[in-house]
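**Student:** So you can see what is in the structure, the chains are spelled out below.
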Amino acid sequence: MSCFEKKLKKRRQKFKSKNTREDRLRSRVNLTINLSRKLREQTLQKKRNINTSSDQTILELTDEQIEEEVQNIPNYINKMINGNIDEQYTSTQRIRVLLSIEKDPPINEILEHNGILTTLVKFLDYDNHQRLQFEAAWSLTNIAAGLTEHTRMVINAGSLPAFSRLIISKNESIQEQSIWAIGNIAGDCAEFRDKVIENGVVFNLINIIESNPRIEILKSTTWALCNICRAKPHPELKDPNALISVLIGLLDFQDIKVVSDSCWSLCYLADGQPDVIEYVVDQDICPKMVNFLKYPSPIINTPALRFLGNIVTGTDEQTQTVLNCGVLPILFELLIQGNTLNRKEVCWTLSNICAGSPEQIQAVIDQKFVPLVIEILKKDTYAVRKEAAWTISNLVYMGNVKQMIYLINNGAIDIFCDLLSLNDVKILNSCLESLTKILKLGDFFAKMSENQVNRCAQKIDEVGGIEKIDLLYKHQNVLLSKTSKYILDKYFPNYVTENYSEEED
Amino acid sequence: MSEELTQILLDAQSTDQEKRNHGMEMIKSAKDNNLPVFLVLLAEELKSENKPNESRQLAGIILKNTFVSKEEQKKNELANVWCNFKEDVRTEIKQILVMTLGSPNRIARHTSAQVIGAIGSIEYLKDLWPALFSDLIGFMEQEVQKGTENIQEGVLTCIGYLAEELAMIEELPNVNEILEVISDGMTSENSNDELRLSATTALYNSLEFFESAFGKPQIRDHLMKAMINAAKNQNQKVSQKGLECLVKIAYVDYNSLENFIQEIYEITMKGMTADNDLIALQSVEFWNTVCEEELEIFEFILEEEEDSRVNKKYIQTVSENLVPNLCRLLTFQEEFEDAGWGVAQAATVSLSLISNLIENQIIELTIQFISDNIVHNEWDHKEAAIICLSSILEGTDTDQLQKVIDDALPLLLDYLEDDHEKVRNSSAYAIGRIFEYHFEAVALKKEVLENTVAALLNSLLDVPHVASNAAWALNNLAEANDYTDQNTSPLSAFFMPIVEKLSIATLREDGEKSNLRFQAYEAISATFLKSAQDTLDDMFLAVNPLLERLEETFSMELLSTNDEILQSQIQGSLCGVLQFMAVRLGKEIEKHAERMINCFLEVFKNPEAVVHEEAMMAIDSLINALGTGFLPYLEAVHPYFIGGINSHQQERLCSLSTNAVGDLFKTIERQIPEKCHSEYVDVFLEAIGTEEFEQDLKPDMILVFGDIALSICGEFVPHLERVTEMLEQASTVEITEDDEDSIFYVQNLHRSVLETYSGIIQGLKDDQKEKLFLPYCQNIIEFLVRIHDCEQDFLDDKMLKAAAGLIGDIVSILGNQVKEAFQIQPIQEIVNACTHSEKKLVYEVGRWASSKLL
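So the sequences go chain by chain: A and B. For the first sequence, the positions run 1 to 505 when UniProt numbering is used. For the second sequence, the positions run 1 to 854 when UniProt numbering is used.
A few of these clues could be false.
Said to hold, decoys possible - DSS-like mimics (lysine-lysine), calculated; alpha carbons at most 27 Å apart, straight line:
1. 587/B x 46/A
2. 769/B x 47/A
3. 839/B x 46/A
4. 840/B x 103/A
5. 16/A x 530/B
6. 219/A x 819/B
7. 75/B x 64/B
8. 819/B x 257/A
As the list claims (entries may be wrong) - Covered stretches of chain A, going by a simulated chain B footprint (3 or more residues, C-beta under 8 Å):
9. 15-22
10. 31-41
11. 101-108
If you are wondering where the hints come from, they were derived from the structure by calculation, not from laboratory data. The model shown is predicted, which means the values in this text are computed figures rather than measured ones. For each residue, glycine too, the CB sits at the ideal point set by N, CA and C.
The shape of chain B in the complex, shown without the other chains (with noise of 0.2 Å):
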């Protein structure tokens, strides 16, 4: 029995067609007939020392691929089959694998501990083994007593696995006896490589669990010496992993870093030069994290959060060195694009950082770099300036940067015609940042600004990649200022010919590539969205051509599942192109809006429900553009508007609907027919009311009940009690959990229920039917009363103005019948405090109510 599993496990290795189908085969009959009996001669087969490694490994393999899937749900259930097992079953499976740990064979060994690691997790998170680590590492002691020699290196790299498959949960339990064992693997005289790496490892992905063990400053020491040894070591893969343990700690506990960061400093300067790629990536990878990690400190101190970091400021102290070197790092960049994350990609993020760090101190540390190399014969070094000079673009002042610009945007311009096409692609990239972050260092000369966009233009011819790159740096260009209060910009002169340039890349064969059309689509819409008012005319042109262009999408012969894709995606952009459009043209857009309207109800067929959202975005626009000119398509677009309002699962199109429907009732006072209020104002109530839709969407559906209060005025009679019903609900909704999502919610809907009080009252007051409003005045009051007591933080700006709003509305409606109830205390305090904002609009309301409330 024992040698035909052997030749099965084998033959379903082998390289014969044949024999590898007959032992898959002859597997899985074996696992369908008896699963358990099976696994236990898996387990044994890999235990047996007189078996060839070959059949010893897939046994183990298949053993713990039986219970081990990357979906959730999956992965779920196969952990119960593994429970379900009778005990005595999984006990002795267990048993087995927990010997292998001690074999003389590597590869049994780790195969074994591999499998501990996905079975022992599935037990342990069941609690159904949870003295999983002691009885590791109880096994482990008694076998070195017995002279075990590999003993600890197979459970090191088991806890490894363990603590990886359990990365999900908070805390491990016997950490400090871990910690012991790991920390014994990495530093007794008695240790070999092997073990070194495998401790190593294991302090690598438990490392989040020792949080609290680092809060002792002697464990912690030990601990970072270890580490520190573990990456000077001889040995590349535990110099490596070493390595890989302090880029860890710098994100787990930046802290601890205080004492070592010299000898870390001289470690990765070394790493940095070494001829190990993986050793020289690590080097960066943790000056990448510090800059992380200050940055982040930084933002806090700027956001009054608590931080229990202080920050040393370690990259200011070493950029001086530190930078010289991650540029030459630059160099050591692939000759094709999506290589995938090296060295030089590593450094040029990290530069990006340092520069968010040091800002202008950057320059003076990379413009020698930069102007050796920009101009160097090899492609390798040109392209490293090049990248260089876009990566330095964030932390900067532009009239620092100006020089810099000056002299090599011709270059870059030159180099967008290079012979290579990496240096093409980062010249193309390094300008649209150059837009993107300094504008003015180009716009403000007309003959650079020309050359310029001449040269993208021509770039959209280029490569995919290029193109791609040329589309986003004009996107940049067009975003970089808003123009759209001006009779004329710098721009306007490049408006026609950036767009139908644009206009052809996007129907490039090759579009898909590099994302090129969807760049090239966004560089059109952000050209419509921000042109000043003399390209209005031109823009109007534009319209028909790009609607015909999706009107022929839906014609699309559709194949395969890309064509389908391809599909959707052009029409969302071109939704996306539309609705800039429309916002832009405003009236003028009557004369197309019946077909676009019919465009974009019939993008509602497209299954793809993103599209939805799209066009639900071009139909609002058309609703504001429009406005009483909407409603002869109300009818058409209503059932859409319902249908994505009960869209619970696509929370997206659900807002966006919301959105529309508030923004009809705005646009278009007193004459949407009566059916469609009622119609509205059920199906919102209903969703309000029920669990299934994203709480977060409840406080913007709230709101619309105060648009349509306003826009239908005393026909909102009806709809009152129901509705203030709701409000009075939602105005007790109290903070339940302490965290920030929840207060958040609690905010908003709080905030939505007073702006819509606002709205029912002052829509009742223009059909003088004021009175009805005054039953619930002292809810309200209690309302108030409770916002008042809140935390500081629950009252900010935005709420003071609405309640202070909904105050003055009421006292200068309702006048004396209700002055006296609200000239108490809280709601004094509020109006002070609006009066007391910095925010011009808080401030103004507050002083209206104020005058209201005397």
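Next up, chain A with everything else stripped away, as it sits in the complex (with noise of 0.2 Å):
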């Protein structure tokens, strides 16, 4: 039966329908096992315990005193407009308790009281009454970590100004408060981090950091920061070297959180921009993340990896300093033990080396690591054998004759031809401008030899490339289909393509 006959099968069901036996049975399978799904989640969360907070300063509420307290929302918000201060100030408290409700909180009940928003902002002025600031404060907090909806809101009350100067409060609990609120803010999108830099927030964070400050300051800050520096398109920071300077100092502090968090904002700042890059290069953190590389936790390894990474995208020289800090052994060792996600940094990392000079693919070559990659290429996960395509194919591809003689003597074409068979078009043509290139050379030696026959064709035709390459002919994506074309013509102009269909243009 073909699709339209079922469809027009369906449509005359539809007439006077009622349910159908085999309907009703899977709605009661559906609900029998719905129950169980539930019942294990409830005996999940009980384990777990989430409802008794650890933080003593969240009041604990059952139920009926939840729905008392929601029932009084309008009364408190009314008290916190209207009311003298310290009304003012027990309302907000109130409300802020009602806010820190682990279990749905009832923001929404909350925010649809006209004004709520700017009351809040405006206590967050009250310098003089520091309780009722920190009760704003932390009730915004907890607002703008809701949805995305809800921390628009809490921006466009005009929150960020009051925030941006209260990270630099005195009052540790406040300056703590507005950290936290800050970096929810910043780490929501690129949209609402680019507000809060508009804000100044960057250069008082610095200070902060440059103040000295308790280590749980600290390690707030650099969570802030590090949200700042994430998303993208890349922050525009009026002074990007300032605090690339200070995140730098952090790297030889003692705590570990702190030096992952600057270490990744670090990442995400060279990402892709030179002129990050070339500072960086010049600030000589080249052989301490070279060193971070050997720590043996992901925590600091990873972004320590991905920092290297990001060089290695730049010019050859920059290149050639991460390589002059030994890095080459260490990736060796990483690309042996580490784990899915390092694995697959190294090839990235390699798969950029290998894009260098020709003395720079020599030290690869020199440290083995081809064998290794053709290996990984055999049999890692998909998102590792991507990278390790990338790295081989680039090695084919800028290396000198010597070279790329090296790499066929150790299977490169038995590899390409593998990686034929992937379906991402970028990779196939790069395998494939990698498999013309090594045609070409065996050409070369074709017209020395006395059969004149080039065997890396031949090679190609043994693993069976040739079909996979007339499969390609036959892609969507132009630039493959020429490619192979180019391939099938000038290589194996005795191959007749099998079926093509007469639509050529």
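Hints given; two lone chains; assemble the complex.
**Tutor:** Structure below.
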């Protein structure tokens, strides 16, 4: 039965339709299974004890109390707007308690009252009543941690200038709360992050770090900075180098979380930014980062690896700086022992080194990476293989004759033909280009040999590469199709393409 | 010899029984004797112009039927018989058949076309006749040169049959050539009606194959014009086929309607007023298809799926004129129910599709028709109005319809006692639909509700057709609102009468007609499931009589297959009712538990497999209702659990048994005998590792290990190594194919693994054995990183929650021993993503896990 006929049949069943036996059975099965899922959910939640928070400042409310408190919201908000300072304080605290309920805080019930946000923001300026200031900051943080829409409302109420000022408040509770608020807002999306920056927050955060604060404050500050650096497009900073210098300074800090966040921040900043890369290389932090690679936990070694990977996307000189730090043997170890994410990053880094000068390529070869990468291409996960594919094709594409011969002797042709089954147009294109280059070399040697046979072409034939190239010839991607056709026409003139339909145009 | 064959073939169709038997026997023995030779003779018979039509036609049909079957397997066997013939035999038969396509005799031509349709498609699929189409077309051109008059019609008819037979393949060869021949046949000046009809039929059958050709505007417009001209043709058959093409093209390529919609609109509007029912029907079907396409486009937009179609909202544009026309067609109904698919039925479906598209706007377009006709003297007008009302309920808002329903409902209640059965039937159906979509319009008025329920209960005594709809309406009434948390409800007052009357209806002798018994039991189930607390005492009293009924089924006399079906149906329905009673009554059910269990186990002896699923669900509901109270029955039920889990051929039973065992461990902590643990662990591990089990069953099986571990705590240690080994394996399964099913499967699998690890570590912790979990942390971290690296879609809310839950579990239980290892970016990001979720539970778990990670 064709799809169309099935559709007609279904349409006919719609006439005066009622539930069938099968419908009913199915819905009962679903009901039964859903009941069990709920039960499992409840059991785990109970074990996790999520409802009893470890934060002792959060008052624990029973369900009845919550219901009562929710009824009181209009009353509290009225007092916040119209009451005296004491009423304002106690009401704001009530609202904050409600907003701190872990399970489904009544954000909407609170936000539906006009003026609540502007009032809370106004309280942020009450420097003479710091307890109220603190409650307001906490309330706003919790609202901003909700949906993006809520975050936006908090921004639109004009909270950013106040928070930007409060992050350098002398009161540490208020300061920390405000840093959390800023971090949450900046972490939501690039748009909000930019607004945070516009309010001069970065400068103040740098000042905090330079003021040698308590470790907790330092932790939340680096966390907030990391959120600011993260989203793309890159943040537009007035003085990026000032931030970078501070971050570099933090790399020597003894707290691992601070180091990790600083590392990640540098990573995000250097990603695809030539100016930043130039600056950080000049600051001589490559040796330190290479050293971090040896750290036994991904919390440090992963961002370091990503950072170095970003550097080697730069010029040959910058890549050389990294190589001079003795990075290759460490990468080799990571490639053998690292987790999936790190293996992927190593391959990515290698692929960029292999896009460098012949000497740099030779360094990779001398480190005996080629057999290892080929091994990875055979059996690793797809994500890792993809990067490894770039490594090997860059090697061929950028390598000189001697290096190419080495690669061919180490099974490069087999691997490229294998890769032709992948479903990634970019990789396929680079494989075809590499194969073209190999075939050209083969031709060159063929002309000098007695029988004039292109041994590379022969090898491709042996491993079933032609059929795959022929398939790519029919690929809808024009470039793939053209390159394939070029290879087939030039190196396999005797091969007859199969069943190709007439519609060539 | 040839005369003998002709005689045999004529005998086989004789009105004289004896002659006929003789003829059939001769044919059979000739087939058995030497099939290839006999088939060649049949082909010759078909070809011979001097033979009678009857023998020629039968010769062709026997030839065709030798290789055709509706059953897939049989069809393959027969195809192989043909392919195993020697090539010269096949070639000879094919040549004769192809020659016959040009016969001046229409019957011979068409029969031959049909035979080639069967044989040619077999050969084409087996790659024995790759040039099939170009051969046919080549032959046609050659014959046309010679002046063979009918050859075009013969070949096009043949192509039509072939396209129909080959519908399951993706593409045809030589599409452009075929298209040219078809379009030539449809549009050429030399065409006659017969040729046009065969060309149009060929186009209809092969339309899907021309999708790529439709990408070229020139070809598309040419074809669209050809179809439109066919639809306008004076010849009714050509016109009908042309309309069918338009119906199909709306489905195959909605976009191509754009330049022609005005013209098609005019044709179909005219078609709806035509005397010819079939033409009117196709005219309605065209708009049905457009409706379905536009609804689908709309859904695609909602789900943000890619779609090449651009919604032109044709229905919106034409509805003002279309809807009144459709209403008028509603009065063209047949006198009796089940008259089949006709223009009135199509118009009914059309109206409900349109109401989904234009929503409240449909009310003003139909209100006049409804109010004019619902009080009409003629039954057909009255019924049409009722049907019209029930068709516009889906897309409309209750407050907009309130008045219409207020006016119509008293009439509908009257009509439940109308003289005409069809009016009663449609009224009951309409009330059911009102409950389904606009319950609030009725429920808030006590008196209206009372009258409606009373009338429906009365209708339960009507003929099965009407009673079945009344039961269905009561089902919808019960399902419209969930009152389980409330002390009382507007329906509580009717609880007992409804249950009693439905219960009487289930005992009607004619209960199997129109599914009456089934619908009545379903309505009872729904009433039990959703009723308020104040009905529970009455419900409890109903357990005993219903159980007795189930017990009675075990001694039913089974004299025929029908009896067996009846027994299974009743058992299935009663299991369903009792399941819901257990859900509602909870611990209260304990007094009946033993009898219930015995009954359900007895149901397993029924050879009909579907009822086992019902029984398993009923048992599951008892587990949840009784908790530890279920333990005394475990030994008796245990073998059925094991059997159910192992029933890989019956997927749903397997899934339900898995679920029941999971519930068993969830509700009974630590008290399940130790030997059961290992037995379940073994049977699930075995099933998970076996390919015969449908892979979609496996995630749920994995989850049961979490339930077991949580239940038996430290006693899980002996199984720890084997189970975690399986989990590790499952965690490395990758998405191999880029289709939704395979992604969905891996997603479920991975989520189950996460949740199961959570169950294990929480269980171990309860007996202070959490240290045993340490060795698995490294693998779990890698697993989490892999999950983190997956596509965004893969990491949906449920997956995030399971991952963050596990992260929180491990870090909070194992503390500083592992904390640092978990403080890595990907894991932080998973937890952070949770805290950005809009789902409350996900957000909660994210917040909790994030606090543990600090």
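**Student:** Does each hint hold? Answer for all of them.
**Tutor:** Here is what the structure says about each hint:
Between residue 587/B and residue 46/A the alpha-carbon distance is near 22 Å, which keeps this suggested pair within the 27 Å criterion. Simply put, residue 769/B and residue 47/A have alpha-carbon atoms about 16 Å apart, close enough for the 27 Å limit, and the pair holds. Distance hint between residue 839/B and residue 46/A is fulfilled; the C-alpha atoms sit about 18 Å from each other, no more than 27 Å. At most 27 Å may separate the alpha-carbon atoms for a hinted pair to count; residue 840/B and residue 103/A meet this at roughly 7 Å.
For a cut-off of 27 Å, the pair hint linking residue 16/A to residue 530/B stands: about 25 Å separates their Cα positions. As the CA atoms of residue 219/A and residue 819/B are separated by approximately 16 Å, the hinted pair is consistent with the 27 Å bound. A distance of roughly 12 Å separates the Cα atoms of residue 75/B and residue 64/B; the hinted pair therefore holds under the 27 Å criterion. For the suggested pair residue 819/B and residue 257/A, the alpha carbons sit about 12 Å apart, so the restraint of at most 27 Å is met.
Against chain B, the stretch 15-22 of chain A contributes 5 residues with a C-beta closer than 8 Å to a partner C-beta. That satisfies the three-residue criterion, and the hint holds. With 7 residues having a Cβ less than 8 Å from any Cβ of chain B, the stretch 31-41 of chain A passes the three-residue criterion, so the hint holds. With a cut-off of 8 Å between beta carbons, the stretch 101-108 of chain A has 3 residues touching chain B; three or more are needed, and the interface restraint holds.
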